[in-house]
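Throw the hints in and build the complete structure from the sequences for me.
Its first residue numbered 0, the sequence shown is counted upward by one per residue in numbering that gives the first Met the number 0.
Rather than coming from a laboratory, the hints here were simulated on the basis of the structure.
Please read all numbers here as calculations on a predicted model, not as lab measurements.
Glycine included, every Cβ here is placed at the ideal spot set by N, Cα and C.
A few of these clues could be false.
[Unchecked claim] Okay, derived cross-link-like pairs now, DSS-like style, lysine-lysine, Cα gap no bigger than 25 Å in a straight line:
1) Lys170 x Lys11
2) Lys122 x Lys78
3) Lys36 x Lys23
4) Lys114 x Lys170
5) Lys151 x Lys170
[Said to hold, decoys possible] Quick list of the computed label-pair ranges, beta carbon to beta carbon:
6) Ser8 x Val83: 28 to 38 Å
7) Gln85 x Lys23: 16 to 26 Å
8) Ser8 x Pro52: 13 to 23 Å
9) Asn160 x Ile56: 18 to 28 Å
10) Asp143 x His28: 34 to 44 Å
11) Lys170 x Asn61: 39 to 49 Å
12) Lys36 x Glu150: 31 to 41 Å
13) Lys151 x Ala72: 18 to 28 Å
14) Ser17 x Asp139: 19 to 29 Å
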Amino acid sequence: MALNNCFVSVNKSQQALSDFDCGKENMNHFLARFAGKHMALGLSSTWVLPDTPKGMIPGNGNLAPIAAYFTLAQNTVRKEDLPVTQSLPRHPIPAVLLARLAVDHRYQGRGLGNKTLITALRKACELCRDGLPAYGLVLDVLDDNALGFYEKFEFFHPMNNDQRQLFIGMKTIEQI
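Put into structure tokens, the structure is as follows:
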């Protein structure tokens, strides 16, 4: 197998989405059933890291396994929920939502969680540079395992003193 270096948009005609298994059924189900539909509806965007064997050309029945994926969507947050609120307006603050991030169990332990997170943060920053207004990125932590993962990164801050809702400012992301 030749793990691709680039995350690409989800494409069910080229990727084995239903074979993805991170150990969390809701994450697997979303990728297999809803990621493409949500993209088509403009609700969210999902990027995957395909594992393309040497010489394989995805499509025409050749589906690349997925090593990891992440999903971004638009969101708003209340000023009161942010760790820093100086000079922000009182109305809802635009943000990017890191809605999903997962690594297939066959690829865990290789640093792909870190790579996927950094790629997701950079993609959020890129979207902002391209015109999507966002003050930062928010995420809801799924469980204790995920919380342990995100706590390794000291740039996330709890929102409204809730350890399971995290925030990182876009200015911080730009420096990563």
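Here is what the structure says about each hint:
1. Lys170 x Lys11: The given pair, whose Cα atoms are some 34 Å apart, is violated under the 25 Å limit.
2. Lys122 x Lys78: 24 Å, holds
3. Lys36 x Lys23: Roughly 20 Å between the alpha carbons, so the hint for Lys36 and Lys23 holds.
4. Lys114 x Lys170: 20 Å, holds
5. Lys151 x Lys170: 20 Å, holds
6. Ser8 x Val83: 28 to 38 Å: 33 Å, holds
7. Gln85 x Lys23: 16 to 26 Å: With a Cβ separation near 37 Å, Gln85 and Lys23 fall outside 16 to 26 Å, so the hint is violated.
8. Ser8 x Pro52: 13 to 23 Å: 20 Å, holds
9. Asn160 x Ile56: 18 to 28 Å: At roughly 51 Å between Cβ atoms, Ile56 and Asn160 fall outside 18 to 28 Å, so the hint is violated.
10. Asp143 x His28: 34 to 44 Å: Violated, at about 21 Å.
11. Lys170 x Asn61: 39 to 49 Å: 42 Å, holds
12. Lys36 x Glu150: 31 to 41 Å: Check passed, 33 Å falls within 31 to 41 Å.
13. Lys151 x Ala72: 18 to 28 Å: 24 Å, holds
14. Ser17 x Asp139: 19 to 29 Å: 25 Å, holds
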